[in-house]
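*Asks:* Chain by chain, the residues run as shown.
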Amino acid sequence: MNMSIQEFLQHMANGISLGSLYALIAIGYTMVYGILRLINFAHGDIFMLGTYLTFYGIIFTPIPWYIVFILAPALTGLLGLVLERLAYKPLRESPRITVLISAIGASFLLQNLGILVFGGRPKAFPTPAILEKVLNVGGVSIAIVNFVIPIVTVILLIGLNYVIQKTKTGMAMRALSKDYETASLMGININGIISITFFIGSFLAAMGGIMWGVKYPQLMPHMGVLPGLKCFIAAVIGGIGNITGAVLGGFILGLGEILLIAFLPTLTGYRDAFAFILLIVILLLKPTGLMGEKITEKV
Amino acid sequence: MKKISLKDNIWLKIGILVVALIGLVVINLFLDSYKVKVLNLCAIYIILGLSMNLINGFTGLFSLGHAGFMAIGAYTVAILTMPLEAKTMNYYMKPMVPFLLNLNLPFIFALLIGGLMAALFGFLIGAPVLKLTDDYLAIATLGFSEIIRIVFINLQSITNGSLGLKAIPQMTNKFIAEPLGLSSKTNLLWAWGIAILTIIFMQVLMKGSYGKAFKAIREDEIAARSMGINLFKHKVMSFTIGSFLAGIGGGLMAVHLGTIDPALFKFALTFNILLIVVLGGMGNIYGTVISAIVITVAMEALRFLDGSMNFGFFTTPALPGLRMVVFSLALMVVVIFKRDGFIRDTLEKVRGKYAKNQ
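The listed protein sequences derive, respectively, from chains A and B.
The first sequence begins at 1 in this note's numbering and counts up by one.
The second sequence begins at 300 in this note's numbering and counts up by one.
One should not assume that every hint holds.
Beyond 10 Å from chain A on every Cβ pair, some chain B residues (computed) [to be verified]:
hint, residue
1, V324
2, F398
3, I412
4, P468
5, L481
6, V503
7, I528
Per label pair, the in silico range of CB-to-CB distance [as the list claims (entries may be wrong)]:
hint, chain 1, residue 1, chain 2, residue 2, range
8, B, P394, A, L285, 31 to 41 Å
9, A, P122, B, S456, 30 to 40 Å
10, A, T266, B, L399, 20 to 30 Å
11, A, V281, B, G492, 36 to 46 Å
Below, a list of computed lysine-lysine pairs in the PhoX-like style, where the Cα atoms sit at most 25 Å apart [stated by the list, open to error]:
hint, chain 1, residue 1, chain 2, residue 2
12, B, K511, B, K532
13, A, K178, A, K286
14, B, K430, B, K532
15, B, K637, B, K514
16, B, K565, A, K123
17, B, K637, A, K89
18, B, K514, B, K532
19, B, K430, A, K286
20, B, K430, B, K514
21, A, K178, A, K168
22, B, K565, B, K336
23, B, K532, A, K286
Source of the hints: derived by calculation from the structure; they are not laboratory data.
We put the CB at the ideal spot given by N, CA and C, even for glycine.
Modelling step: build the complete structure from the supplied sequences, incorporating the hints.
*Replies:* Below is the structure:
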């Protein structure tokens, strides 16, 4: 294996920015699972919606792109909240599998609405010129997005950490994920907290979606499926329900994927299988994930 | 005189079956080839729906890996039945491995081997994964089905990669149609014959002790275990049988379509089957049969939704995606408002029965 240090650093930068994106999307999965014990299958499609909303915001409105980059995720957050109200709230008392089927239905609904409304043909993401530059640091040329993505991710994570650790809402979220029933007896407004959780998760997914669009500028109604599944896997690897774990899982998956191709180019075709194989290995060896708590079932 | 009842008269049942099969052969001769194709697809979806219902509905294991097992069955059948010329025509990018190139079996054996291959993989995958519960199992089986698909894309010398396989030999009713001077079409007897066998098999299985054990596991795993039911053995068994049937369904699908490629076996295919199972009612044999027919016919009949529509005074543009919007909405509405499925409910009303489980 002869890979120059420059090449290696390029791969690392690529892997870290991909990992950041995975981390942002994985947080939405892990927060929802923590509270509702539900795999939000439609989360990847929410990510897709966020990217499309940004696309339309930039192309069809005079609003400057940096404001669209905030407005579109906020709107996506609201859509996530509406999705929860319509598809999951009526099933609060139902078995988990029923809710999961509803989530799968919601995912297909959003994808096909996407084809219906946005059209099935791929669209090119209107990347702002400033983000298209390529930096040259000591012989290593790195696209500026690969710097921006991790920085934005870190800022968002600090913000999220503040909300969860320091605010009353955050405390209520933690209480709900620890013990749903007791928390509801303590006067916590469960529906309100769940709505906020969906809003935050969808907001972060849309943020990830925008940066995804900048990095891979091709939008399709099915674009959320594979990243969605992979980010769920990232959340499982880190220990589902645990936000730090989701971030860790995202980075493991992103870096792992890029480095796998970098060091073993013959396996390029198996890139998408890597996440699933990792998932199955983790589930069999440590089902609670790297940072998850052990759950025992009561009879 | 004794009254003849359908329930315990085996000869009457066999009689109905024979009449149905003869009817099938006649329909096969006189319907146009498109309708015959749709009918054929109905039977295939009955098999697939029942196989998923065995795993998801009767045993309560939420598996989303059907597309993967279907892919195994479909590719096995295609590779084993295609003659040498078709193979050399298909594998122009990368030659096929010589061992498989000259292999050619009659359809029935190819189909059986397809089912057995799927069952083997079901067993190998099931043994480690079935220790997981609920949604973890769902995501792990979905993962396996994706892995199978990705492997098929990459194993070019066996599966022809993403180019897919074309010109899979068709099973037609030439042997009856030609002497009668009629045009030959897809032979319905294969798919419907196997569908009927599957229905009978499922009924026998669910009435027996294995079926009771499956249902006990679905209702309460801990209670079932304390009754002395070997959870692991029964789960793996249900999963393996389900995979076998999925492989058979996949093999029939390959022949039905004539062309297969890995993109066909995406999660969307599993979704169609899940739709059938949920609408027909989890753990209901006849519900699944009816819902498979209704959904398959509706999927075809509603194709006009994707195209442009003419309302006389104005014409809408083509709306691709609308058809699947309708079906995803149908799934959600059924799940949210009627958990047990429409058809099961109507069936129970018709029979005047209110028993919860069949």
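*Asks:* Name the hints, by number, that the structure is in violation of.
*Replies:* Structure breaks no hint.
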